[in-house]
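Chains as they are written, first to last, in our numbering: chain A, 1 to 129; chain V, 1 to 129.
Treat the hints with care, since some could be wrong.
Here are the computed lysine to aspartate or glutamate pairs in the DMTMM-like style, where the Cα-Cα straight-line distance is at most 25 angstroms [claimed, not checked]:
1. K90(V) / D59(V)
2. K108(A) / D61(V)
3. K101(V) / E93(A)
4. K66(V) / D104(A)
5. K66(V) / D120(V)
6. K66(V) / D59(A)
7. K90(V) / E109(A)
8. K90(V) / D67(V)
9. K66(V) / E93(A)
Hints are computed from structural coordinates only; laboratory data are not their basis. Fair warning: this is a prediction, and the values are worked out from it, not measured in the lab.
Letter by letter, the chains look like this.
Number of protein chains: 2
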Amino acid sequence: MDESKRRNTRQKDAVRHALGEAIGFVSAQQLHLVLRNFGSTIGLATVYRALADLAASGDADALQSKDGELLYRACTTDHHHHLICRACGKTIEIEAERVEKWADEVAKEHGFTQPTHTIDIFGTCLSCQ
Amino acid sequence: MDESKRRNTRQKDAVRHALGEAIGFVSAQQLHLVLRNFGSTIGLATVYRALADLAASGDADALQSKDGELLYRACTTDHHHHLICRACGKTIEIEAERVEKWADEVAKEHGFTQPTHTIDIFGTCLSCQ
DNA sequence: TTCTTATTGACAATCGTTATCAATAAGCGG
DNA sequence: CCGCTTATTGATAACGATTGTCAATAAGAA
Ligand SMILES: [Zn+2]
Ligand SMILES: [Zn+2]
Ligand SMILES: [Zn+2]
Ligand SMILES: [Zn+2]
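Using the sequences plus the hints, can you model the full thing?
Structure (structure tokens):
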């Protein structure tokens with residue numbers, strides 16, 4: 001879809017808002033349930049589409065859960081990474097200047113161009129020990 | 001299954017061997033096809049089970065492809081990470097001494113225990129530019 | 001060899017995600 | 001404000017990867 005012809009809809013706003021309220025990473029299905037519980041009649045496919053858009057435009061982070069489910073989280077700053085509690089899903093955004101550079105260097109050393117990376121740290125948070 | 005009662009089978013060896021021959025990361029389905037093409041009558045479910053075992057015992061690396069498919073790769077050394085070509089899938093094992101430490105530090109700083117991490121670098125390799 | 005039971009493989013079932021398509025409504029021009 | 005174009009929606013079907021089921025098989029101990 002041509003970016004200039006994109007329309008703003010009540011549904012997209014609802015998804016954006018629900019994602020903002022959510023704690024930690026959530027799946028499209030979870031978000032759909034939440035919206036339904038709040039009286040919305042939004043369709044599941046629409047939630048999927050809205051989340052994919054948000055991720056594509058950089059307004060949300062996406063990551064794969066261990067069992068292959070796509071999880072999303074509203075994203076405030078630019079490029080960063082996450083420290084995630086295995087138990088409760090609590091998420092802390094971290095930046096990693098040093099690591100960003102390191103990743104790019106490693107790629108370049110091996111002749112790889114247009115480097116990107118995925119870096120996530122998992123652990124058990126204080127309140128979950 | 002109790003580790004002590006695990007049996008060695010022709011099928012498990014076949015999967016282990018096929019994984020060793022494979023270049024880069026492969027899916028269970030790909031491996032199943034290869035084995036079939038070499039005359040094996042191994043079942044798809046068995047390939048899935050064997051790969052899961054190999055990953056659990058540390059004999060294989062597993063990672064999620066962008067579209068949620070589980071990919072496996074025979075794994076020689078201990079803990080390491082991968083530099084992966086987006087185009088051809090060529091994979092280089094890298095170690096990341098500095099980053100390992102950094103990840104553990106970040107976790108500790110925020111009170112997270114038993115830290116683990118996922119670190120993967122993607123790029124376009126020389127022969128794919 | 002015999003016996004126990006872990007493992008297999010064909011198949012069905014599940015689950016997350018995507019495609020389809022008629023109905024709706026955003027937003028533009030008049 | 002009104003009508004028109006067409007992007008978007010939502011119900012549903014389709015899809016693809018993975019897992020569960022279960023009778024048949026075969027590892028490995030006795
Ligand atoms: Zn973020
Ligand atoms: Zn980064
Ligand atoms: Zn926690
Ligand atoms: Zn590491």
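These are the hints, each one checked on the structure:
{"no.": "1", "hint": "K90(V) / D59(V)", "verdict": "19 angstroms, holds"}
{"no.": "2", "hint": "K108(A) / D61(V)", "verdict": "24 angstroms, holds"}
{"no.": "3", "hint": "K101(V) / E93(A)", "verdict": "18 angstroms, holds"}
{"no.": "4", "hint": "K66(V) / D104(A)", "verdict": "20 angstroms, holds"}
{"no.": "5", "hint": "K66(V) / D120(V)", "verdict": "12 angstroms, holds"}
{"no.": "6", "hint": "K66(V) / D59(A)", "verdict": "19 angstroms, holds"}
{"no.": "7", "hint": "K90(V) / E109(A)", "verdict": "15 angstroms, holds"}
{"no.": "8", "hint": "K90(V) / D67(V)", "verdict": "18 angstroms, holds"}
{"no.": "9", "hint": "K66(V) / E93(A)", "verdict": "22 angstroms, holds"}
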